[in-house]
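Student: Model the full structure from these sequences, guided by the hints.
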Amino acid sequence: MLFRFVTRLLFVISLTCLAPGLAHAEFSRAPYLQLATENSIHLVWRTQAAIKPVVHFGTSQENLNQICREDQILVRRTQKDKHSGKAPPLHSAPDNTFQFEAQITGLKADTLYHYAIYEGTTRLTPDDGSYHFRTHPEHGKKRDIYLWAVGDSGTGSQMQKDVHQAMINYNKKHNLTLDMYLHVGDMAYGSGKDPEFQANFFEIYEPTLRNTVCWPAMGNHEGYTSKGKTGIGPYYDAYISPTRGEAGGASSGKESYYSYDYGRAHFIVLNSHDLDRSPSAAMAQWLREDLAKTSPEKTDWLIAYWHHPPYTKGSHDSDKEKQHIEMRTHIMPILESAGVDLVLGGHSHIYERSMLMDGAYDTPTTAENKIFDDGDGDAKGDGSYQKSPGLKPNQGTIQIVTGHGGQGLRRKGYSPVMKRSILQHGSTLVHISGDTLNTKMLNYRGEIVDTFQIVKNQAVTPSRIAKPWQPGRPSKGKYIIPKKAEWRYLAGNFAPKDWTRPGFDDSTWKNGKAGFGYGDADDTTELDMQNKYTSVYLRKTFKLQQPTDVNHLWLGISYDDAFILYLNGKEVIRNGVTKGQSENATGIAQHEANNSFEMFDLTPYAKLLKTGTNTIAIEGHNHAPTSSDFTLHPTILRAQ
Amino acid sequence: MPRPARTSPSTRPSSAPNNPKQFTILYSKFIILCALVLSQAGAHESPEHNVRELTHHLQTRQSPTHLHQRAIAYRALGQLDKAAADLHSAITLAPDILPYHLELARIQLASNKPNQALKPANQALQLCQTPSQRANCHILRAEAYHRSQQAKPSLEACQLAFREIPRGEIEWFLLRSENQLALGHHRQRISDLKTGYSLHHSAVLKAHWVDAMIDASRFQAALPIINGELSDRRWKSSWLIKRARCLRGLDRNPEAHSDLHTALNEIKSRLNSSRPDPLLLADQGIIHALLSQPEQARSCLTQLKQINCPAWITARLVSMMAE
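Line by line, the protein sequences are chains H and G.
Quick note: to get the numbering used here, add 5 to the position in the first sequence (first position is 1).
Quick note: to get the numbering used here, add 15 to the position in the second sequence (first position is 1).
These are computed hints drawn from the structure, not numbers from a lab.
Careful, some of the hints might be misleading.
[To be verified] Once the Cα atoms are required to be at most 30 Å apart in a straight line, the calculated DSS-like pairs of lysine-lysine come out as:
hint, chain 1, residue 1, chain 2, residue 2
1, H, K298, G, K128
2, G, K134, H, K234
3, H, K327, G, K320
4, G, K128, H, K325
[Unchecked claim] Which chain G residues face chain H? A few, computed with CB under 10 Å, are given here:
hint, residue
5, R90
6, A91
7, A100
8, H103
9, S104
10, H223
11, W250
[Unchecked claim] Computed footprint of chain G on chain H; a stretch qualifies when at least three of its residues, placed anywhere within it, have a C-beta under 8 Å from a C-beta of chain G:
hint, region
12, 280 to 293
13, 490 to 499
Since the model is a prediction, treat every value here as computed from it, not as a measurement.
All C-beta atoms in this analysis are idealised placements derived from N, C-alpha and C, irrespective of residue type, glycine included.
Tutor: Below, the structure is given as structure tokens:
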């Protein structure tokens, strides 16, 4: 009996040891890529015990015929764990942490390598084909570039995971492979501590980080525990960034600002958080040197990013806060005079995207005579933005605030230079192909809600628009669905699953005039909701006469407490509902209608609409059945 | 920079503080912890929101932690006088908390009140426990002296910072170099910048090191480095000026003039007339001065003063015009 038990136990143990997924668990921080160049790359991982690692790599998954030996791998520990050797100690890490940093050199440019980490003869990384890296193409080589940019994502929330998964699904569907991952800061809420990096960054992005280099910019939340001046802290433990121009550009001497080349693009990363942002400070001096060294023969595109965007009216106001103002006033003139094409930021929890602009350095920001093209930049819409080939000074920049990667969204207003201002979680995808830079905003459900192109195929003489298009609520327009319009509504029951789609049979639903609700004496159709139910569903069709109508629609809505809007069956706006739909909606925020109508720009969803008949569906939610009031009063306005 | 060494704990087994200094340190750590927790609580909010919330709290109780936090929010909004007032109040309530003094010194510097920055920086120095803290205090003092054009005490403060942390930071090397230039310590300046460059590999330190060589008339040593830089760059004006200064020093005036004219043309094509880059404008002024065009040089200097350009950028132009 005992023999049989021991045999079974040994069998289970042997299975456990052989199972690749469980071997993987030996990493306390799974392997991830860092600092890549044309001929080298860094691999970083952690264990909770001393191991003697070897990295096997090669151009074929079946034949990892090259080796990075143990003596070529840096080992870092905390001082508490008696760190020794030349490498700087880890600022902080769990007890008994060993951080291994392998620099693999002598590689061929633009080549796909597979890798595996071994301890002796035991393979620690699973043999599933997902552990690979690609070296940078030679600087100046013509090659497509595809990157993913995210900001303010490190919450550990389901939304952060959804945004990540949406990117993975999109790439799978379109057979795309990332060349790099740009993080514009706030990747480890709340204070950038080592365990927060582990839980909110490394564990969530692990499938991407094992085969894609993340090039980071430090956010204010990392700034609580990491210091840009000294380069010490969990942020600097986590990343290996160039300090000596290893990947191109001028030597910065600091990991907190740096640059790198990829094909015919030059990327600049700045620290907007805790370094001197003045035009005479060391960072700005380095920036000038870096831009002066950027070869026009080898570079067509210039992309810069940092945490505090120069223009935003999301959860932060770039006209009020010093970091934003200084980056706009001191840094943007240097970049624009060097021909920067795209600037990415975060900090403000929203997606905002500008028109093609130049020279908007004043506070408050104004758009008059600062905009070259006030269209949407969409090749299928108003047309692509045009710039001259190469890096010509002051030909226009697009600004993107991509701070919608996971943290709670908010909008304080509309920046006059922004063409898009979208309160949806998501990320930004940038695809550069020859003379065209194509950018998409991918939301957390995997839908593209904004797209634009910059094309540099002919010489352009930009001219400034005296009175460009203005974002924000329209000053005048014509109601497509007026106030107190008649709607089909369902109250007291949950709607069936397909209730938002066009053609759904709502003949059994009641007719009523907006607004719907109770309490506050502000509703036309009074409902018996109090202490009974919390959700109401509205449907209506409306007609658009002209093809251009779809680009000028606004939702005006008076609501208490929350709602989700659908156009032709697709969810487009969610306000005050954290998760789920209909009976599964949770996290309902409180909001007072106050007899006012808030305006929501529907132009980002123009593609969902068509000339002729369209269907609008709205579900309204009350914070609690006992609430003293509820209001749902939607309108649709065609702005003029 | 090495992390601070741990101080040996009391021999008493008790975890309670056994003297006022220890209590101060513990209290200071507690305050920092509170500040961190509070700042994170409001970290997703804008500073305007944080000011409102903290003002609400402060109406019921004057807490130094809340005052410190509100000062940080005011600083983010550029309301430096209000930030300074809150920090003064916080220091009155809790005079032994290092971050309050450091923050006040930084705020005074940001407000262009270097003399008023010295007092909190000196008080902070008394509260420092680690080499890193002391070095940062010395650099704050050095910055304050430097802004009030006291190169000698500023240089001394820089040296004290380097004594604490020999590797220093890029900005420390630059500040020390400016003081050495003002005091005419050319040889030491070259040596120190070279050390800084070898430690940090910063392109900025390299450019300043070469300038230091030219300032000390070491033209032959500077030329190969300059030529190396000029061989591979898109914009050459700043390095062409360096080369022209060397060539003039070596009596190769026609070559120097050629470089200067090339640099001037490049700057003219790049300079934004409505918002000129101060460094480009200063370079333009230097070219005019080197080409014996004093009116144009003076015009550049006037423009630099109009945009409140720091003294280190205008210093070379001013000295050239005085020659």
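Student: It remains to establish, for every hint, whether it holds in the given structure.
Tutor: Status of each hint after checking the structure:
Only pairs whose Cα atoms come within 30 Å are accepted, and K298 of chain H paired with K128 of chain G is rejected, the gap being roughly 37 Å. With a CA separation close to 24 Å, the supplied pair K134 of chain G and K234 of chain H stays within the 30 Å bound. About 23 Å separates the Cα atoms of K327 of chain H and K320 of chain G, which keeps this hinted pair within 30 Å; it holds. For the given pair, K128 of chain G sits about 22 Å from K325 of chain H by alpha-carbon distance, which is consistent with the 30 Å threshold.
Checking R90 of chain G against chain H by beta carbon gives a least distance of about 7 Å; that is within 10 Å, so the hint holds. The restraint placing A91 of chain G at the interface with chain H holds, with a minimum CB-CB distance near 5 Å, inside the 10 Å limit. Interface restraint check: A100 of chain G against chain H, minimum CB-CB distance 17 Å, threshold 10 Å, status violated. With a cut of 10 Å, the hint placing H103 of chain G at the interface with chain H is violated, because the nearest CB-to-CB distance is about 20 Å.
The closest approach between the C-beta of S104 of chain G and any C-beta of chain H is roughly 21 Å, which is over the 10 Å cut-off, so the hint fails. For the restraint placing H223 of chain G at the interface with chain H, the shortest Cβ-Cβ distance is roughly 9 Å, inside the 10 Å limit, so the hint holds. Annotation: interface hint on W250 of chain G holds; nearest CB of chain H at approximately 4 Å, less than 10 Å. Interface restraint, the region 280 to 293 of chain H with chain G: holds (9 residues with C-beta to C-beta distance below 8 Å; minimum three).
Counting residues of the region 490 to 499 of chain H whose beta carbon lies closer than 8 Å to any beta carbon of chain G gives 0, which falls short of the minimum of three for the stated coverage.
Against the hints set out earlier in the document, violations occur for numbers 1, 7, 8, 9 and 13.
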